[in-house]
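If you read the protein sequences in the order shown, they are chains V and F. Numbering-wise, my numbering puts 81 at position 81 of the first sequence, and it's gapless, one number per residue. Numbering-wise, my numbering puts 180 at position 180 of the second sequence, and it's gapless, one number per residue.
Hints in this document: simulated from the structure, not taken from any laboratory. Heads up, some of the hints might be wrong.
Stated by the list, open to error - Computed spacing ranges between beta-carbons, pair by pair:
1. F:G27 with V:H66: 19 to 25 Å
2. V:T154 with F:P25: 56 to 62 Å
3. V:H66 with F:L220: 45 to 51 Å
4. F:T92 with V:R20: 33 to 39 Å
5. V:V141 with F:A301: 57 to 63 Å
6. F:T3 with V:H136: 57 to 63 Å
Note that beta-carbon positions come from the ideal geometry of N, C-alpha and C, so glycine has one too.
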Amino acid sequence: MSVVVWIVEGTWPACVDAARAHTSADADVALLHVTPADVPGAAHGAFAGLLGRGHRERDPGTRLEHLAAASAQDLLRSAADRLGRPCTRTERTGRVEREVVAAAEGRDLLILARDGDRTHLGPHSLGPASRFVVDHAPCPVLLVWPEASPGLSTMPPPPPRP
Amino acid sequence: MNTQLAETLSAVLLVLVLVCAVVRPFGWPEAVVAVPAAGLLIATGAIPLDDALDEVERLGPVVGFLAAVLVLAQLCDDEGLFQACGAWMARTAAGRPRRLLALVFMAASAITAVLSLDATVVLLTPVVFATAARLGARPRPHVYACTHLSNTASLLLPVSNLTNLLAFTASGLSFTRFAALMVLPWVAAIAVEYVVFRRFFASDLDAGAQAPVDAEPPRLPMFALVTVACTLAGFVLTSVVGVDPAWAALGGALTLAVRGLLRRRTTPRALLAATSVPFLAFVLALGVVVQAVVDNGLDEALGHLVPEGSGLLELLALAGLAAVLANVINNLPAVLVLLPLTAPSGPGAVLAVLLGVNIGPNLTYAGSLATLLWRRIVHAHEGEVELKEFTRLGVYAVPASLGAAVLALWGSLAVIGGG
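I would like the entire structure built from these sequences, with the hints used as guidance.
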């Protein structure tokens with residue numbers, strides 16, 4: 001069984017725990033982290049907006065690219081430690097949701113966490129990126145709550161009968 | 001040279017200077033193209049030598065002031081001020097991304113106001129990214145906050161932004177009156193921006209943070225903090241006694257420079273690099289080129305577009321025009337073009353232009369459409385520029401914060417007066 005676990009800041013431990021609980025010990029697990037390209041891009045852009053400042057080596061976007069790479073490696077190492085099984089680590093950069101969908105191609109399972117408003121049951125518990133991934137994933141998806149799910153009482157009332 | 005030819009030549013050279021400033025062919029400093037362009041305009045008579053010298057004389061103290069602040073910011077970084085700021089934010093945020101965002105707003109606003117937007121973009125942004133990563137929080141809202149606040153929070157003091165320094169000399173205001181008039185617009189614009197960020201990045205902020213909080217209290221670089229505080233007090237004091245506040249900036253920079261040299265934390269070479277001499281030459285040359293364009297007909301062409309007076313509607317129109325121009329060219333040439341046209345209407349009009357050129361760049365990715373287009377052509381990295389996301393944030397934030405800032409400026413002018 002080939003499984004991709006999408007590792008995202010803030011919500012990843014629940015995904016790793018789900019991988020341990022719901023896949024066999026010999027499953028081929030890939031931990032995936034995607035660095036959003038627009039974050040260093042915004043810093044590159046802000047520096048380019050400082051017209052005439054020169055010194056391209058001062059461009060903070062480049063430093064952010066290095067920091068992002070280091071931070072992604074740290075995150076994947078922590079996730080691998082928590083998983084405690086052999087796994088592969090994959091780091092990608094780009095449009096996050098599209099990279100995750102592409103990485104899920106040909107896999108047997110994709111594990112991700114809800115990352116929207118998690119105080120209520122309902123569609124808002126999926127943020128825009130995870131909504132896109134759930135809608136477009138080319139394989140089965142295991143969608144977990146990062147913490148205990150809110151109770152059924154948080155579900156909105158049914159629509160009034162016509 | 002006839003007027004038509006002079007206008008064409010100066011306009012073509014301005015475009016060339018701007019394009020080269022963005023593209024930087026062969027990695028040349030921007031001044032390599034800008035200075036000969038200014039020289040050519042003087043040699044051909046498109047701008048009389050005396051007018052060009054007047055412009056250089058007007059801009060000289062401004063760029064000197066800026067150089068001192070750039071050095072001061074770099075030396076504060078050498079002293080560990082920005083690292084301490086990151087450690088303080090990490091500790092105070094206590095693993096909560098929403099609190100971290102509030103702290104980033106405070107730190108970026110204060111640093112931009114006192115040490116200029118360059119410091120926030122170049123020195124603070126990587127620290128903020130590292131802080132978010134250390135907390136295990138998603139970095140996007142916090143990094144975007146730095147890029148936005150480097151513009152929005154640069155309204156407060158004449159030293160916060162090069163555009164302010166240019167407007168400061170044109171407005172005839174004292175340092176303290178400038179700050180007094182801009183404090184309300186500054187607060188209003190930042191507050192609106194904060195509300196927009198909280199909503200826009202709700203799901204990133206809701207995701208939480210995983211890493212354990214570092215309980216180690218940050219070590220404060222007291223010498224740097226006290227020097228910056230004394231420099232700020234120096235700005236007020238010099239303004240009151242009628243001395244150019246640039247001397248206070250020079251005093252602060254020299255204090256830290258002597259200490260840095262004695263402690264071998266910096267070198268004369270690093271200090272010279274921090275002053276960015278080619279950048280200062282670029283500003284002077286750009287000023288001459290823009291002056292030539294304005295004198296040769298742009299003032300007449302734009303003259304009827306620029307509203308006169310300082311009523312609320314005129315202020316809104318001026319800020320809007322400035323914001324559009326800052327997005328089409330860049331805020332630096334935009335302010336050079338608009339200042340001679342608005343200065344006769346008084347400080348209120350000049351400050352409205354500043355609101356536009358300082359907040360406006362948040363609308364497009366890199367502070368101007370021209371810069372953006374060139375970046376896309378030169379660095380066509382797939383996926384590097386997520387233009388849609390950044391522009392969507394700008395569309396929510398810029399009109400609201402600009403509107404609030406203009407309203408606040410109008411109120412300040414009514415209470416304090418622009419005289």
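- Message: Looking only at beta-carbon atoms, does the pair F:T3, V:H136 fall within the given range of 57 to 63 Å?
- Response: 60 Å, holds
- Distance restraint evaluation - F:G27, V:H66, Cβ atoms, bounds 19 to 25 Å: Taking Cβ atoms as reference, F:G27 and V:H66 lie about 20 Å apart, which means the hint holds.
- Query: Lying within 33 to 39 Å: is that true of the beta-carbon distance F:T92 to V:R20?
  - Reply: 34 Å, holds
- Item | Hint check for F:L220 and V:H66 - Cβ pair distance inside 45 to 51 Å | At roughly 27 Å between Cβ atoms, F:L220 and V:H66 fall outside 45 to 51 Å, so the hint is violated.
- Message: Quick check on a hinted range of 56 to 62 Å for V:T154 and F:P25, using CB atoms only.
- Response: About 59 Å separates the Cβ atoms of V:T154 and F:P25, which means 56 to 62 Å holds.
- Task: State, for the Cβ atoms of V:V141 and F:A301, whether the hinted interval 57 to 63 Å holds or is violated.
- Result: 59 Å, holds
Checked against the numbered hints above, the structure breaks only hint 3 and satisfies the rest.
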